[in-house]
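> The chain contents come next:
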Amino acid sequence: GEDVEQSLFLSVREGDSSVINCTYTDSSSTYLYWYKQEPGAGLQLLTYIFSNMDMKQDQRLTVLLNKKDKHLSLRIADTQTGDSAIYFCAESIRGSQGNLIFGKGTKLSVKP
Amino acid sequence: EAGVAQSPRYKIIEKRQSVAFWCNPISGHATLYWYQQILGQGPKLLIQFQNNGVVDDSQLPKDRFSAERLKGVDSTLKIQPAKLEDSAVYLCASRTVGNTIYFGEGSWLTVV
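Chains as they are written, first to last, in the numbering used here: chain A, 11 to 122; chain B, 303 to 414.
A portion of the hints provided could be inaccurate.
Cross-link-like lysine-lysine pairs, in silico, DSS-like; alpha carbons within 25 Å at most [said to hold, decoys possible]: (1) A/K117 x B/K364; (2) A/K46 x B/K346; (3) B/K346 x A/K77; (4) B/K364 x B/K317; (5) B/K346 x A/K80; (6) B/K313 x A/K114.
Bear in mind the hints are in silico, worked out from the structure with no lab data behind them.
Note that the structure is predicted; figures quoted are calculated from it, not measured.
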C-alpha cells in the first residue's frame, strides 16, 4: 500500500540551509509535492516534481528526487524565521486521479 | 485569482450534533476534494468529485458523513451525528486539468 514517511522535527539556525527528507513506498507515483502549513492555516503548495525528474529549483527551494531509493528532499537555502512551519510531503499515485497521500509532516523550527 | 474558499473557519459542537461545511473551489476547477486532517497527522482524502460526480468516496465514513456537489461548483460536507474523534480540520481542495492542487484555509471542528 501507499505510505509516506517524514521525520517529525527539524531545527536550524537562521541563515543556514534546511533539508527536509521524505520517503515513499509506491513506485507508481507520478508527482511528488511539498506543501507548507503555518499555524492555523491551510496548506500552501510550495513546489512539485514529476517522477521522471531528478531535481527542480525554484528560488530558495531545491527539490531532489531519487526514484531508485524512493527518496524526496526539500532544501531551503538561507532559512528565515518566516520559514518556521510544518512541511508535508505528498505523492500522487498513477491512476488515483490526482488524490494525494500525505506524510505526517516535518515541523521546522528556525532559531534566530 | 481567488483561492479556495471555505466556511465556517471554526466550529465547536457537542457530540451527536450535526455540522455542515461549505467549499467554493477556484473558478473553473472541475475536481474538488475534501480531506480530513487530525491534529499531528497529514491530511487524508475523504471524497473526490469530478464536476458533480463522485470519483472516490472509499474513505468516507458513510454512516455519518455525507457530501454533495450538486451543480458542479460549490460543495457541502456534512457530519451527522458527530463523534469526538471527528475533531479535525476539514480541508477543501480543487484542481483543474494539470497537477496543481490548491487547498483552502480549512474548517476547524472541535467536538466536545
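> State for each hint whether it applies.
Structure-based check of all given hints:
Under the criterion of a C-alpha separation no larger than 25 Å, the hint pairing A/K117 with B/K364 is inconsistent with the structure, at around 33 Å. Restraint check: the Cα-Cα separation between A/K46 and B/K346 comes to about 16 Å, which is no more than 25 Å; the hinted pair holds. At most 25 Å may separate the alpha-carbon atoms for a hinted pair to count; B/K346 and A/K77 meet this at roughly 24 Å. Of the supplied pair hints, the one linking B/K364 and B/K317 holds, its CA atoms being roughly 17 Å apart against a limit of 25 Å.
The straight-line distance between the Cα atoms of B/K346 and A/K80 is roughly 21 Å, inside the 25 Å bound, and the hint therefore holds. Our distance criterion of 25 Å between C-alpha atoms is met by B/K313 and A/K114, whose separation comes to about 24 Å.
The structure shown violates just one earlier hint, number 1.
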